[in-house]
Amino acid sequence: MKRHYTKYAAPLAALALTGCIDDGYDLSNIDTSSELTFKDLILPVNIDDVELSDVVDLNDNSKIKVMEIDGKKAYVITDKGALSSDPIKVDRFSSKGAATDWDQVRFSSASGSGKLEYPVSQTLSFSFGNIDKAIVSAETVDCEPASLDIIIDASASGVPEGTTMRGISMIVTPGLSITSMPEGCAYDPDYGIMMVDQASFGSDGRIIIPLHFNAVNLVKATARFDDSSRTITVNSKIWLNEATVLAADGSELPSEINAAMKTDISDINVTAFSGELNYPLQGHGLDIPPINLDYFPYFFSEPGTDLKLVNPQLYMSLDNPLWQSYATIESGVEMVANRYDGTTATYSAEDMLSVGNALQDERQNFVLSPKEPKGADVPEDYRRMLQHVQFTSLQDVLSGGRVPYSIDVRLKDPRAFQRSVSGFSLGTVYKGIEGTYEFFAPMTLKNGEDGSQIIYHTHRTGWKSDIAKFTIDSLKIEADVYSTIPLGGYLIATPVDSEGKLMDVNLEGAQVDAKAFDQHVTVTASGVITDLNGIDFIAIIRPGNREETLGPDQKIELKNIRIKANGKYATDL
Amino acid sequence: MPQTYNLTIMNQIGKYILAASALAISTSALSQNTYSGYFLDDYNYRFEMNPAFGNSRNMVSFPALGNVNLAMRGNLNMSDVLYKRDGKTVLFTNAAVSATEVMRKISEINRVGAAPKIDLLAGGFSMWDGYNTVAISLRGDMEAKVPRDFFALAKEGITNRTYDIHDMQGYAEAYAQIAFNHSREIWEVPGLRVGAALKFLIGLGNIDIRLDEARLDLGTDSWRARSNGNVYASVKGFSFKHDTYSPVDGTPYEYVSGGDFDDFSTPNGFGLGLDLGAEYVWNDFRLSAAVLDLGFIRWGQTQWASTDGTREFDTDAYIFNMDNDASNSLNKEFDRLCDGAAKLYQMKEMTPLSSRTHALGATLNFGIDYTLPAYRDLHFGLLSSTRINGPYTWTQARLSANIKAFDVLSAGANVVVGSYMIGFGWILNLNVPYFNLFVGMDHTMGKFSKQMIPVTSNAEFNFGINFPF
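Just so you know, the protein sequences line up as chains A and B, in that order.
At position 320 of the first sequence (counting the first as 1) the number is 320 in the numbering used here, and the numbers step up by one without a gap.
At position 296 of the second sequence (counting the first as 1) the number is 869 in the numbering used here, and the numbers step up by one without a gap.
Calculated directly from the structure, the hints in this document are not laboratory data.
No experiment lies behind these values; they were computed from the predicted model shown.
One or more of the hints may lead you astray.
Output of the computed footprint for chain B on chain A, the stretches with three or more beta carbons under 8 Å from beta carbons of chain B [claimed, not checked]: (1) 22–31; (2) 115–129; (3) 415–427; (4) 458–465.
A virtual CB, placed ideally from N, CA and C, is assigned to each residue, including glycine.
Construct the complete structure from the given sequences, taking the supplied hints into account.
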């Protein structure tokens, strides 16, 4: 019996139990998926102050530098360099020697003297060619020694040697600066009237009256300037009005004296001129390298960003190597913004740069800007004798749908110019102009309706995978904002899911004022957030009422950040 | 997000506790005291609940089957932690289980435990003017406590309040016991019977998991957490497992991630225990009182893992930077925050203790038995039992009706109320010459899972075969 009891004890016990098995409880196959909820849970978060230097990412190659203005660090677009032109040289020009034809001169002689029967007229033409284009007009030309010779040849009439001609009254080319002429000659450069007291026939039966000169007043000479052929032509009348031939002592004159007259003028090699000079300055040294904005900080470079600067400045310093000639160096200035879409925009200064002769060898400093900068803001190299040139449109040089990738700085029609240069030496090589430039644009953004706007977009993903397991039914973020940044903005944030897509939920309400102080900001989500992997946010930023220069030390502090959320966290324990 | 580090802490601690619970649930083995038989005539193991009780006959147990118990107790039931949804077994944290349904079942302190005991061999005999027993037993004790805040944190929805879960603890112990029991009448005081048992204990193993401090203060200005915990393992051959943690800043370090041991079969300590009891018969009343397991056990080499003091975590210490390149960028600072949170639960292995001594969990039993004068085979009993064991103390009161029929069959039915809810027990005892069979349940079992684990934590099945002579 004992064995029977022991044999069946366990099965009996099992039998007692098998009727009470609940298959719903299967410990070998427990579904451990779990959901943990949170209700109106406030999560306090601390966020580091966001300095502008954290957002404005400066590259070593960037033209935006950090400089000190009024004792504070500021962002400034800066670029500088030197410029120079090729040497200045206005070429010499000359005229080839010319002569009139022989014209008959008749004297009727009686009682040992012969009077000119009638005036003789000749036309002497000579022409200066290859006149340098820089010469707009010439009033006088200085030249190497030249001569105008009047030749009267009476050899055919057998006039004996020693016969003289007296009381010669002529009109020759006016405007000559006579350096020497025969004794007894008088020459009036205004009209070309020449009076010769007496001239003797030589053994060859000729009288030569030379007029040596070293300059010609082309105005008086009624020269004609032909711009197209770059020539100056002088057509002057040579008149022999009166003359008396007298026999030498002990000789007799022929009854008729038939002579011939000719006027020769030698080559005239011009060495200087007075007149209007307009010398276009040239040379690769005038090609200012573009201001490269390729490495502009991303914060300012997004499409939609429109930067208008309050007072960008272009400093230039130029000398005048022609100051002694009273020529002026002049130039217009323009800046061309080259945009990524292939278009360009040109901005020109209203006034021109002009360097006279007052500073002699010193350079003239210029600042081209919308407003004249304060003395302390001017770079030290340009403070002396600084002259302001109005350049209003420079404010918009960065403007457009996006910051341009480069800005060309161009001297527009630079020239050495003078309406009445005097004694300008031709053939002399003057050194070219030399100068420097510096583009100095503090990042002070213009406010107002037509002011600046920055679109800042950032897309951050790759958050911890645990975060994706949260489902946030409602979300509210509050914070107190303290800001020293003179920019205010409106922020729209959109959660991003694990596939990188933007969710159909917005976080709105983040309107932060420029230089906010203890501004309470509340952001709420417009819907349910799931599968969160990152955030995409767009900030539309505009300058505040006070236009201040942006600097790296400016910051925004978020204090008392509280994230209040309802939702759940799904996981598998 | 912070819930991840909350969950990480909860994951680790919860895993320990649930493992302990599962261990307790799954251990479901072998005998412990059958309180339904405390007042039952001819129940041969009454002496184990009060050493003053003796048997009317000599007896020897069936080896290993003399006193079999499948027993566990607690107020945290499987059905409180696991639920049936759409044909699946899910955790209470499943979205398909409502917070109301879960929290309705959760007490302020939730406990589950088991105290398995196997009498390898027992015998009783009359000699020396009394009754004597010798029993060789294997005993174990497993307990786990989970505070309500743990469930509230996991289920009610995390809010900005303080969660104090330092009451979360686990404990397991096993030792062998050789007990010598003698009881006798005190002739000088008629009706008085006294008894005592001396127990020699051989420790097999002890694991004690304690959270002295575990607190989450989720304020609106900052979140703070504190933890201070220790794990003691006095098991021969036990070693902690380690994982390496690589923090964002700093040198990788090792932390205790688990433990390895084969079983609780190699002695690692010794102890002494004493049972004292008395019974006084007065008219139709039998008054009894006993204190069991007064004593101590001294464990040998003890492996020790600890947080080494209080670990603290404060969200104020973490400041995020929106710049991805900053040393405290969003991702890097979040990693650092997780590192800080991880330290709350990552224990390090300390220098092992050469020994560790603690008192045994004593049990107090007080009973009143009343025999119905009109039918003397029927008597009613009221038994109060209290186990004093520090954080694992429990108490119960059992009201029973017991009857003896035909001299060979005795039976009892009882209702019990106590730390582990309300239950119903019963026992049947067949006592024929040279053969005794008893079967009973101190807590009548309800349903079982597929793996034969009781759905409610209060379940006991008692069974034994003995040979009286």
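| said: I'd like to know which numbered hints this structure contradicts. Please list them from smallest to largest. | reply: Checked against the structure, the hints that fail are numbers 2 and 3, while the rest are satisfied.
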